[in-house]
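For the protein sequence lines, the chains are A and B, in the order given.
Using full-length UniProt numbering, the final residue of the first sequence is 500, and nothing's skipped along the way.
Using full-length UniProt numbering, the final residue of the second sequence is 500, and nothing's skipped along the way.
Since the hints were derived computationally from the structure, they do not count as laboratory data.
One or more of the hints may lead you astray.
Identical copies go unnamed one by one, so any copy, or any two together, can satisfy a pair.
The list that follows gives simulated cross-link-like pairs (lysine-lysine, DSS-like), each with its CA atoms no further than 30 Å apart [stated by the list, open to error]:
| id | residue 1 | residue 2 |
| --- | --- | --- |
| 1 | K315 | K66 |
| 2 | K354 | K404 |
| 3 | K300 | K273 |
| 4 | K66 | K149 |
| 5 | K87 | K304 |
| 6 | K149 | K171 |
| 7 | K315 | K87 |
Since the structure is predicted, the reported quantities are computational estimates derived from the model, not experimental observations.
Number of protein chains: 2
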Amino acid sequence: MVWFRSFIHVSSSIGSSSIKHRYLNKSPPNYFLSISLSQHFSTESTFHKTPSPDDNPYSGLCRATKPSEKPRMVVLGSGWAGCRIMKDIDTTIYDVVCVSPRNHMVFTPLLASTCVGTLEFRSIAEPVASIQPAISREPGSFFLPAHCKVLDTDNHQVHCETVTDDEKTLKPWNFTISYDKLVIAAGAEASTFGIHGVTEHAIFLREVHHAQAIRRKLLLNLMLSDVPGLSEEEKRRLLHCVVVGGGPTGVEFSGELSDFILKDVHLRYAHVKDYIHVTLIEANEILSSFDDRLRHYATKQLTKSGVRLVRGVVKDVQLQKIILNDGTEVPYGLLVWSTGVGPSALTRSLQFPKSPGGRIGVDEWLRIPSVQDVFAIGDCCGFLESTGKPVLPALAQVAERQGKYLGNLLNKIGKGGGGHANRAREMELGPPFVYTHLGSMATVGSFKALVDLRQSKEAKGLSLTGFVSWFIWRSAYLTRPYLKQNLRIVGSFLRMVGMS
Amino acid sequence: MVWFRSFIHVSSSIGSSSIKHRYLNKSPPNYFLSISLSQHFSTESTFHKTPSPDDNPYSGLCRATKPSEKPRMVVLGSGWAGCRIMKDIDTTIYDVVCVSPRNHMVFTPLLASTCVGTLEFRSIAEPVASIQPAISREPGSFFLPAHCKVLDTDNHQVHCETVTDDEKTLKPWNFTISYDKLVIAAGAEASTFGIHGVTEHAIFLREVHHAQAIRRKLLLNLMLSDVPGLSEEEKRRLLHCVVVGGGPTGVEFSGELSDFILKDVHLRYAHVKDYIHVTLIEANEILSSFDDRLRHYATKQLTKSGVRLVRGVVKDVQLQKIILNDGTEVPYGLLVWSTGVGPSALTRSLQFPKSPGGRIGVDEWLRIPSVQDVFAIGDCCGFLESTGKPVLPALAQVAERQGKYLGNLLNKIGKGGGGHANRAREMELGPPFVYTHLGSMATVGSFKALVDLRQSKEAKGLSLTGFVSWFIWRSAYLTRPYLKQNLRIVGSFLRMVGMS
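Could you build the full structure based on these sequences and the hints that come with them?
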């Protein structure tokens, strides 16, 4: 109770306005900070105590590092690219600050499997702090749950806004970080092609919370379809799962879904097993990046397991139905949207020269040429036309390879004494980033997958189907270096194969 | 594509209005149903097909069972009481229909452990359909995700409204079920004592989604407290976890929380370990139902592990602070409210004679005496004063014992041919329900718990503390008959004891 009395005792000392005043005086001239503070302290901040002399909220991340200190690498994002560079970066050279709305990396290729419970959500998410332990250990390394709002490359600063996790009681709060090296790995966002109603009514499949929403909605619809008084039509609508987009994600999700229906639904929801259907809508060929033979195999397997493949272009998405270009109405109970990705709001807002497709333009060393110490990797970047190189596909494979390359490059720069801001101008960077496509993989349900090992779409090369390729597909992920949850996955894997 | 063309083909046949019309004509005169349908079909229902002759939405659950059919037992709720009776009921005698907003039973005594990741959410939730498999197997047995709104005991019917899982795209929908036997096991709701702001700002600890919200908020606050520019005061506020209510739940949660701080926070959030604190606020003694010695032991253990025990009465709850009766302000980042339970909205709405405390009044056989074929068990019921028996405490132990008793009673009635509505008037029911208190248990952190084996508060009897009692505490749950997830729990258990 001593502690309690003491903090009650001081609760009469200083009012929040005076605190705000004090901090504003101390703060560097920065419109962003003043906004943030006024906004911040306007919420009832009531935990008052006499401020200690060292109580200076603007020490640390907001000011540039001294030559005597470790240079600070700021990473925007925690996807494949961002997590790979954080894993590889030498934390004896750099302090690492990760700014991302998500404190974990999502193991996207396995996301579809979590929607129907084949894998558990925990199994495919890895905390940033365990990918790079320095983040919770080193005094100068942090993870900050925030979005980057404004880049100030002249002053080597990023202005960020905290996430609120949809908490009504929490106001977002802006803050600033100075960087020596900035790595933009903020990814892309699901593209809706400006089709009306997609964001309101469809669920994407890019984050764990998407998979959770899909699972919740699927189960709720299954339960609701038992409710007495429900018409046949309504029952069929509720249990009609529509997937738009025939890329790997859409195909894999359709496969998982039809497996789920054939196994679990027939077992646990016997009442409605004849009402539930899966439809996959694609404007062109499904899996267009794959070899013809594989495409036909996938088509055969999906159709065999009850997935309806529909060639069509979505014109409008409404509350309970999709309208196709030819006017056809497709009623749905669950709508999953996976038609690829496009530039995110941050990418669009940046004033740097862009690559074809509107991504952040980078040179062969993944630098943004027009500014110092800023790099971009993963889905958010693309080679500038001046490099004469094609924009790479938005694949985990590409993102991770870029993260690995840039990690080594920055380690080399750091060792060479170029870690601090503007210290790497004259440095020799060595070989540029070169991407070799190792092939594509996709699963079309348990024990069935496609492995396309051709180096490019035109080139000849090995392509596998069936159990072997499915095994390769799973193995490729079970052997990830930093997927701590492997055991859990192996567990689910064995359960799936019926070995446990 | 054949299927697709066919359902497109018919999509021009019947308009939803005419469907509505058709069904309304078929429906029995019931304001509830008409409301439900108009409400329901007013949403764009577009999956049209020529109705098959047997397409009658009001066959089945809405009409009373024929003497040739199995009698229908409707259970409202899926907690300890409801799940126990569903497990024990003889499904060769009865069809079982469970109406509950929750399709799983929550293993409440272990809920506190899931907030900090000691146990996983899945480990403490068991689907109703696996507790009573007939629900997914038998043609006449169902689980329906809904709330009971109105009881019509004259016609042996319940009027229900479906849950929408907060889906904006889903409108709740009303329907009716006829019952032969009705078991009200709808539980109680967290009591706020009418204190302003509790429901807006505090989190209860009664459902899995509560535990998820607590975990999410705790982690978010931990991450946010690293954000640069945050004042010392604000940091302390964000990381101040306040628990109101010193009953077993409040005490167990405080214990888990302090363990989490001592272990995980010191390891993973080293930056803020000195800022995070737990305060437990209770108006009287903590664990008042326990033996003095146990209470003192709990107090000592909690204080030792850093929990601040505060004697106080909450007057008002605001966005970021609590006001106590004596005017003291307690700022908080996380507020958990566990001050016991009171009658739910449904219980309050029912016009039956109530027991002291406003619960549904039952006789010694757990019947509602004023009506036929309606029973109440668990936290929602209490003995009528006329029985001369005291109202039993709202404990899992009581609820489960009542479920077991009533299960046997209804099986006996069913075997005796009294299963259908109004057929058990003259039957001999045998011995009434008698409750013997087997003792109370609570944990105060890893390896520390209290076991109070006295038969009543006054009586002498065995009382244990420390590891042994903690082991008993865990074992009591690890050996649950129908907790399929035991393996997972044992896993977590072994991890906790450091044996795996």
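To see whether the hints hold, each was checked on the structure:
no.	hint	verdict
1	K315 to K66	neither (56 Å within a copy, 50 Å between copies)
2	K354 to K404	within (23 Å within a copy, 69 Å between copies)
3	K300 to K273	within (22 Å within a copy, 57 Å between copies)
4	K66 to K149	within (25 Å within a copy, 67 Å between copies)
5	K87 to K304	neither (42 Å within a copy, 38 Å between copies)
6	K149 to K171	within (16 Å within a copy, 37 Å between copies)
7	K315 to K87	neither (43 Å within a copy, 50 Å between copies)
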